[in-house]
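The primary structure of each chain is shown beneath.
Number of protein chains: 2
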Amino acid sequence: MEKTKIVFLPDGKSTEIDSEINLLEAAKKVGIRLESLCGGKGTCGKCRIIVESGAEKLNPITKEELNLTKTGKFSQDLLDRGYRLACMAKLEKDKTAAGGQVVITVPLESRLGAQKILVEGLEKKVPLNPLVNKYFVELPQPTLSDAGPDLERVLNSLKRIKNFDDLEAGHGVLSQLPEVLRKGNWKCTVTIWNDRKIISVEPGDTSSRKYGLAVDIGTTTVVGYLIDLNNGELVSVGSLLNPQIPYGEDVITRITYCMQNPDGLERINRVIINGLNEIIEEACSKANVKREEIYEITIVGNTAMHHLFLKLNPKFLALSPFTPVLRRGIDLKANELGLKTNPEANVHVLPVIASFVGADTVGVILSTDIYREPELTLATDIGTNGEIMLGNQESIEVCSAAAGPAFEGAHLAHGMRGEPGAIEKVSIDPETLDVEYSTIDNLPPKGICGSGIVDAIAQMFMAGVVLRNGNINPEIKSPRVRRNKNMLEFVLAWENETEKGIGDIVVNQRDVREIQLAKAAIYSGAKILMERRNVREGDIKRVYLAGAFGTYIDKLSAKVIGLYPDIPLDKVKSVGNAAGMGAKQALISKEKRLDAEEIAKKTKYLELTIAPEFKDEFISAMYFPHAKIDRFPSLRKMCEKLPGWSETLK
Amino acid sequence: MEKTKIVFLPDGKSTEIDSEINLLEAAKKVGIRLESLCGGKGTCGKCRIIVESGAEKLNPITKEELNLTKTGKFSQDLLDRGYRLACMAKLEKDKTAAGGQVVITVPLESRLGAQKILVEGLEKKVPLNPLVNKYFVELPQPTLSDAGPDLERVLNSLKRIKNFDDLEAGHGVLSQLPEVLRKGNWKCTVTIWNDRKIISVEPGDTSSRKYGLAVDIGTTTVVGYLIDLNNGELVSVGSLLNPQIPYGEDVITRITYCMQNPDGLERINRVIINGLNEIIEEACSKANVKREEIYEITIVGNTAMHHLFLKLNPKFLALSPFTPVLRRGIDLKANELGLKTNPEANVHVLPVIASFVGADTVGVILSTDIYREPELTLATDIGTNGEIMLGNQESIEVCSAAAGPAFEGAHLAHGMRGEPGAIEKVSIDPETLDVEYSTIDNLPPKGICGSGIVDAIAQMFMAGVVLRNGNINPEIKSPRVRRNKNMLEFVLAWENETEKGIGDIVVNQRDVREIQLAKAAIYSGAKILMERRNVREGDIKRVYLAGAFGTYIDKLSAKVIGLYPDIPLDKVKSVGNAAGMGAKQALISKEKRLDAEEIAKKTKYLELTIAPEFKDEFISAMYFPHAKIDRFPSLRKMCEKLPGWSETLK
Ligand code: FES
Ligand code: FES
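So the protein sequences, as listed, match chains A and B. Everything in the first sequence is counted per the UniProt record's numbering, starting at 1 for the first residue and increasing by one. Everything in the second sequence is counted per the UniProt record's numbering, starting at 1 for the first residue and increasing by one.
I should point out that these hints are in silico values taken from the structure, not numbers from a laboratory. It cannot be assumed that every hint is accurate.
[To be verified] Chain B regions said to be covered by chain A (calculated; three or more residues, Cβ under 8 Å):
id: 1; stretch: 131-145
id: 2; stretch: 311-324
id: 3; stretch: 464-478
The C-beta atom is built at its ideal place from N, Cα and C for all residues, glycine as well.
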């Protein structure tokens, strides 16, 4: 029997199969692991793949796949865009279809353990043009009749290479210069920043060693990307939990700490600087790069992280009318800040937009090219705070939503960060209320992370466990729905399944309310931006979900709970750590760095709390998916079948 | 009897006198104290004044004045230019001459205690145009709908005043900004450096308080001039002995210390920084100025002081081929250097010319306008080292002479610095060898300072005590000329006249040799510069003597020993601390600061030690005034009368 080749993108791996095995198994053969909560029964809807070509060689859409579209775990929309469930798709038995090839894309959200490879995220290629350049020069040796100074000797030789205007030389450079020139026997490599400043002179030819670090300081996690500035490529990553967490889980607590303690700012600044030095150490030792070979650092972070990093008084970020100290990008010397790279390395902190919309948002807009596209993009970056952007090359508006840390698993009965043992995918059988779930690293469950809670609540809603208004349905007769200390809760995992000592893992009524508040804030922000601009869902050409949460959530579940407007799923893309990628682009491209200034200057910030329509929007958005179901036409049919649908609106 | 008014310049004081009293007494009446070693007998020649107008109302030149021109203590040349001795000049008794006024200039060198008022020295006025400017602005208060950042708020208001290009703001400014703006109720004063950098924002209107510090770091003394940048005027002075002296009296010893001790440079840098902080403290407290009100500092010093101040490796300054680390001026932040002014104050270190010709020489050329005059100027700045400049607006050449510290009184049997109790003026009666001297502050003598030794040796030469070849004349029969441990010496002051414990103060044969070596080096440098340029004494329109030594020496005595070529005395001017005045001009004038860069770039350095003619020149210049007396035609007549003149040439 002739076999057919299956090619998996973007991995580029392929295998030949016959009609006996399905695409889930085929993927496994080549080492691509897909989510498959139901074990291939076609009931969880997690093993989605996209058929790029050769669809005619596959079996027709199965009954299981069609059924799932009714439960909201899969959708007609996705089917129309070429999505299938890998466990249901196989080669057509008809021999005439055999041979040739079928090309499959495996989307990020269907991959098991995707978080491990997701440090970079979606990134538009930018031409390499870093601000840091190295030049190797050979100098004439001084003599009694040519005893000109060392620096002028270097400058004269550089002039022969390029017509630099007026190069400054940092003090650290000058203090090494005499020994360096003589050690290299008058051959040396000069590192110049921005055609303006000599930041290093090294003996001999070191031009092949030139590194930079792009840093994303999140409220919760801090990541540093070590980049080879000779080719723009990532060479290693260092990361840690933000060491400021002991001073407050959230931004406001940390600012309050600074306000209430005389040396609070000093202390909170020192811990992040020390943390960055650990990251530098980690990234450098992984890649066998010397600290001194890092010549530039770019930094993004929300405005509070930005101020704390720069040791700027954050007090007025938190007091109405919420003014930051400065907007524009700023350049400082690494050793002034206490960063242990090349002491003269430039540290460029990207600009911010407003008190609640920081350099991280600038980074998202920068790296996703929203500001250059003619079509409209809606983007959200949901971390400890949520920012929502809407715009195109004409203009961009942005607002901030107090999404709170719920999506990071905080403040939930069994919430936890996205660490090993966290439930990250959930599927609930609407008939039996049986629960299938997967955990990070497939460990016994310890709790629920952000993507898990979105999945869980969407599934609870679709199974009728949670009503449209967010109430847990008290009429359901199931051991999983129970009352605990006068509060209803739903059991996701029984004690015997969970990590020892954890007991039953539940989603309780308060958890649902937390998520309702958070998602309503995000949705309202998006919707108000749309209305201010007078655009509808159909005008939006793409939705970008940035940040770790945006990467790992199930896009369909997110839509079911009403996190973002009803836009076809194929237009919705996870873009990974887009903020960090913005820092990287600003590191490797002078043009992108200038673009970032423009973005910060031109992006309009909308203060949601003073928008008159905000209150009404917010209340309507508390419902699943929304009080006005006509705003979610793609979910209407599924929703209208749910128990108590019409009674629970008010 | 009708009286006549006498006006003294530049003081502008006047008094009416009759013919009974002389001009020395008249000066005393108005509080101007003149040197008068001989007590008004017309024999010391120190009380010189210049008659600017009304000479016809005075008595004719006296016998005493004419006699003195023969001894070299006064000269026909000076008489021709209107000089008189104040103690000899009085109103003509003829009544018809009475009434009207006589205008007199009192030259610096004739003033008693001139050093006390001589911190400024001669200074050409420069238009005030400091790099530091203050702007008072009133900002719109932020609101929820205008919550723009603090910095951008300031920048927008500044834009209405002046079209600044792209203002940077130092970190220290940003860290204070939120509190400052709110404290001043959104009225503030912004200090901007060089139209480029915001260095301070202060609440309210502080524009009337704007200071700068001009510093001259000498090998031996360090002086700081506190300048009001709103009018360019000196408000106070701080000074101290260079605290690096314990690491070496001279430059080479200090450099050696840096080379031999791992933390030598660090240590030697720290002491000068600490010293400058003392000077800042002193100058500020004298003038009731706050440290933070100093917004800029300019620094001059020789190249070694320059390197040690900047903590730059000085090693190669002292090793052939003698290369400095850099030439051009450099700007640093006060707090980076550890200087306790406004932390963001700019510190501008003026450029240097070569390893042995530093920013102090640039300062001399700058403040004396040598580089702008069409006529040729010869200038020397004799401190611990000696620099010689020759040039005009076309070009300037400069060389350095190892004058050694002899002129600062070091290495002499009874040498001392120009401190109270130092013999600074000497007169020797050629008949009796009686010595008259004056000391600083008129205290009993403790030793001889630089100007005292020049005077003493010139007088010893003119009295026949020292021969043309520098030998002390062994044939003189006088208790003052005696042999001590096999070395001839001349007693200037007897034990009973001197400070207790000092004993006799003498000038011995070794002292004379030291001075011979030093003056020969200076003269040879000047002469070689002249010959390289193919100019003669007559082509030189002025001679400037810079530095404390140049200020206090008797110009005629200096010529008699042959320190500089035979140029008429009225063309020779003391210009005080011209290096320090260069620092001051660079502080108050943007144009002057740019000029300094041009001077450093264009001034040609001549390395005397590799000039083939140097050795011969040097040997001839060892004689008093010179082996070739035709080079000193104005001294010929006087010299040829001296005992043993013709025998002692070889
Ligand atoms: S594995 Fe395919 S639907 Fe569950
Ligand atoms: S005081 Fe006039 S010559 Fe001495």
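Evaluation of the provided hints:
For the stretch 131-145 of chain B, the stated coverage by chain A is satisfied: 4 residues place a CB nearer than 8 Å to a CB of that chain, which reaches the threshold of 3. Note: the stretch 311-324 of chain B has 10 residues with beta-carbon separation from chain A under 8 Å; the three-residue rule is met and the coverage holds. Counting residues of the stretch 464-478 of chain B whose beta carbon lies closer than 8 Å to any beta carbon of chain A gives 0, which falls short of the minimum of three for the stated coverage.
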